Every structure is written in structure tokens, then in C-alpha cells.
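One-letter residues, chain by chain:
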Amino acid sequence: MPNLRCVRLVAFAFAAVFAMTATALSHEYVSGQIKVVHPWARATAPGATTGVGYMKIINQGATPIRLLGGSTPAATAVEIHAMSMDGGVMRMRPVGEGLVVPARGQIELKPGSIHLMLIGLKHPLVEEDLEPLTLNFDGGVRVNIELYIESMGAASGGHGH
Amino acid sequence: MLRVIRYGAVALIAVLVLGSLAVGLGWLQSGRSPLPTAGGPVVASFHLIDQANKPVSEHDVLGRPAVVFFGFTYCPEVCPTTLASLTGLLGRLGAPADRLGVFFVTVDPARDTPPALASYLSSFDPRIRGLTGAPDQIAALAKSLGVYYARVEVQGGGYTMDHTASVFLLDAQGRFVGTIAYGENSDAALAKLRRLAGG
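Read top to bottom, the protein sequences are chains F and H. Take the first sequence: its position 111, counting from 1, is numbered 1484 in this note's numbering, and each next residue is one higher. Take the second sequence: its position 169, counting from 1, is numbered 490 in this note's numbering, and each next residue is one higher.
By construction, these hints were calculated from the structure, which means they are not laboratory data. Everything numeric in this text was worked out from a predicted model, so none of it was measured. C-beta atoms are modelled at their ideal positions from N, C-alpha and C, and glycine is treated no differently. Among the hints, erroneous ones may be present.
Chain F regions said to be covered by chain H (calculated; three or more residues, Cβ under 8 Å) [what the hints assert, rightly or not]: (1) 1415 to 1428; (2) 1469 to 1479; (3) 1488 to 1501; (4) 1516 to 1526.
In silico negatives: residues of chain F with every beta carbon more than 12 Å from chain H [stated by the list, open to error]: (5) 1402; (6) 1404; (7) 1408; (8) 1411; (9) 1431; (10) 1436; (11) 1439; (12) 1444; (13) 1446; (14) 1452; (15) 1454; (16) 1485; (17) 1509; (18) 1512.
The shape of chain F in the complex, shown without the other chains (with noise of 0.2 Å):
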């Protein structure tokens, strides 16, 4: 049965694609109570001084635990930023007060709404390289993540490609 050899063969190969693909775009870091799940960024034109970042943070601990912002080698700040979409009209606003994450809950900070801004680049995010950045959350509390660069086009992480 040659076509069952094909089936099979489409079928791995869709296996492999897909493996393939989780593993690049599922990762997390986990420290104390804090876990984050794949954290990114859209890549970067030459000559842009800012980036966003994305990602979920999960609180796994009985207590709420606020981000405050972060901290990268590559850009001068990292800031919480609110954006919004209103009658067509882009509006980008700091989010001064912090995030705060709730007791065993999570935010997720993605495009069109939250997200961390990373002010002053000092190169331009490249497609797939990974990009260290440092969580900072209220008690003193760091979280050394990396981020995932996706494409200049990307909407979301890993979806709607």
C-alpha cells in the first residue's frame, strides 16, 4: 500500500514541524513563585530605538506579587506600557504604578494591550536571537528571562503566521 507510506511519511513529517515549532516557542522560566511562559519581542528595524515585549507571568504563589519593570543589556529602560486602540487612533500610555499579578493567577502582557517597552535600543532585536532581560517585581524580587525575537510582522507569538 504506497499511499499508506505516503500517509504516514505527511504524517511524521507534520510531527516533526510541529515539535519543531513547540519547542522554539513554548519556553519558560520559572523562579520562587514566579513562571514565565514564553516571553518575545518583535524584531527590529535598523535605526528603531524602541521594542516591545511580550509574555505571560504566572504567579504560583498564595500572595499577589506586583512587576515593577525590568532591565536589559540591550535598551536603556524597561517600562510597562498600556496601549490602546480608540476610534482608529493608537494610544500608548506608561503604566507607572506597576502589574500587579494575582495570587495562583497570571497576567498576560500582548500585542494591542500591556506590554513592556524597551526604550533606547542599543541594536536592533534580530529575528531568533534571544535577547536577556530581567523582571523586576516589587520586594526585590528578579526574574532572569530571555526573549524570543520574532519576526518585524508578527501579531502574535508563534501564531497567525
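For this one, chain F is given, so just place chain H on it according to the hints.
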């Protein structure tokens, strides 16, 4: 194990077939929806420069259909994703794309000098012309298309820009014929560009 693989393969093929059907239907539907009728605002007269320091006026926009997007190079989300999306759409459109004028107008001329625009736009389709220049000239062009933008101070000394995120479609007479919304389905957007290009 073999049976699992066979079922898996059948399921995957089913998903692919259904998925392409859904995309095809979406395209057909979007192809039927008419663009807003022409006759809207006429593009204002303006004098700006492009990323190669060449003067650009309304005469460079008129005479062929145009695609106009307002943004700034410090914009990390809407602008690069829109320009990347336009780059992909112009590629998919093929030869008719050469009939379009495509413009990225900065709303932040203080930082977006011609060299800054040249560097930024080097990542995108080379047919995209970046426009910068005197703030009042940019304001005139934006106003004629109903584009809003405003400088917003940020704690710590910097600033960002609020701006209309839609892509504007103009006919060869510089009249407004429609928009592509931020994040609009790419097949729907392609159908609009194809109709605009007359191909």
C-alpha cells in the same frame, strides 16, 4: 502506534482542508464587500521630502492610486507590523503593486529625519516612500485625510505619539476611497489593494 499516526494524519489533513476552505470563503466575502464610495476629502497640497531628500508634493501622490499610512519610527507595534503587513501585501499583489504610490508619513518629524526614515524603511518594501518635513506641512496633509495625531509626554523626559493607525486608500484624483484597519484580515486587505490598483 500506526493507527494513531494514521488517525493523526487524517485529522491534520481535515484541519488543513477546512482551514483553507475557511480562508477561501473569507476572501470571497471580502471581495464582495464594496469600498466606501469615492468623493471624500481631497488630498491637500503639501511640500515634504522623502528618505532620499527628494522633494515630494501632492503632485507625486496624484495621478495614480495611493496607499498612505501615518506613523513614526519610535513606534514599536502598530508601525512595524503595518509596514511589514504592507510589504507582504505588495509582494502578494505582484505587478499591479507598481501602479500604486505607497507613502509612510511621519507624525514625528523632529526625530524622523530622512536618514532615520531611510534606515527604518530599509526593512520594508523599497516602494514605500517615507515622508518628513515641516510640521505644518505634515499637519496639512494629515488634516485633509482626517488623520489625528498628538505628542504625549512620558515620565522621565521622553515622548510618544498617539496617531490614527488606519491605512488610507486614495484614488488617482487624491480622493479618499477607503481604509485598511489596523490588524485587518490580510486577504481582505489584499482584495482592497487589488481593487485600488485596478488589477
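Non-interface claim for residue 1485 of chain F: all C-beta distances to chain H beyond 12 Å? violated (7 Å)
Coverage of the region 1516 to 1526 of chain F by chain H (three or more Cβ within 8 Å): With 3 residues closer than 8 Å to chain H, the region 1516 to 1526 of chain F meets the three-residue bar; holds.
So residue 1408 of chain F supposedly isn't at the interface. Is its beta-carbon more than 12 Å from every beta-carbon in chain H? holds (25 Å)
Please verify the coverage claim for the region 1488 to 1501 of chain F: does it have three or more residues whose C-beta sits within 8 Å of some C-beta in chain H? holds (count 4)
Minimum Cβ distance from residue 1431 of chain F to chain H greater than 12 Å, as the annotation requires: At roughly 24 Å from the nearest Cβ of chain H, residue 1431 of chain F sits farther out than 12 Å, so the non-interface label holds.
Verdict on residue 1411 of chain F as a residue remote from chain H, using beta-carbon distances over 12 Å: holds (17 Å)
Should the label of residue 1404 of chain F as a non-interface residue stand, given a Cβ cut-off of 12 Å to chain H? holds (26 Å)
Looking at residue 1436 of chain F again, its CB stays over 12 Å from all of chain H? Since the minimum Cβ distance to chain H is about 28 Å, residue 1436 of chain F lies beyond 12 Å and the statement holds.
Would the least Cβ to Cβ distance between residue 1512 of chain F and chain H come out above 12 Å? holds (23 Å)
Taking the minimum C-beta separation from residue 1402 of chain F to chain H, is that value above 12 Å? Non-interface label stands for residue 1402 of chain F: nearest chain H Cβ at 22 Å, farther than 12 Å.
Mind verifying the non-interface call on residue 1452 of chain F? Its CB should be farther than 12 Å from each CB in chain H. Violated, since 8 Å does not exceed 12 Å.
Run the C-beta distances from residue 1439 of chain F to all of chain H and say if the shortest one exceeds 12 Å. holds (17 Å)
Hints 2, 14, 15 and 16 from the list above are not met by this structure, while the remaining hints are.
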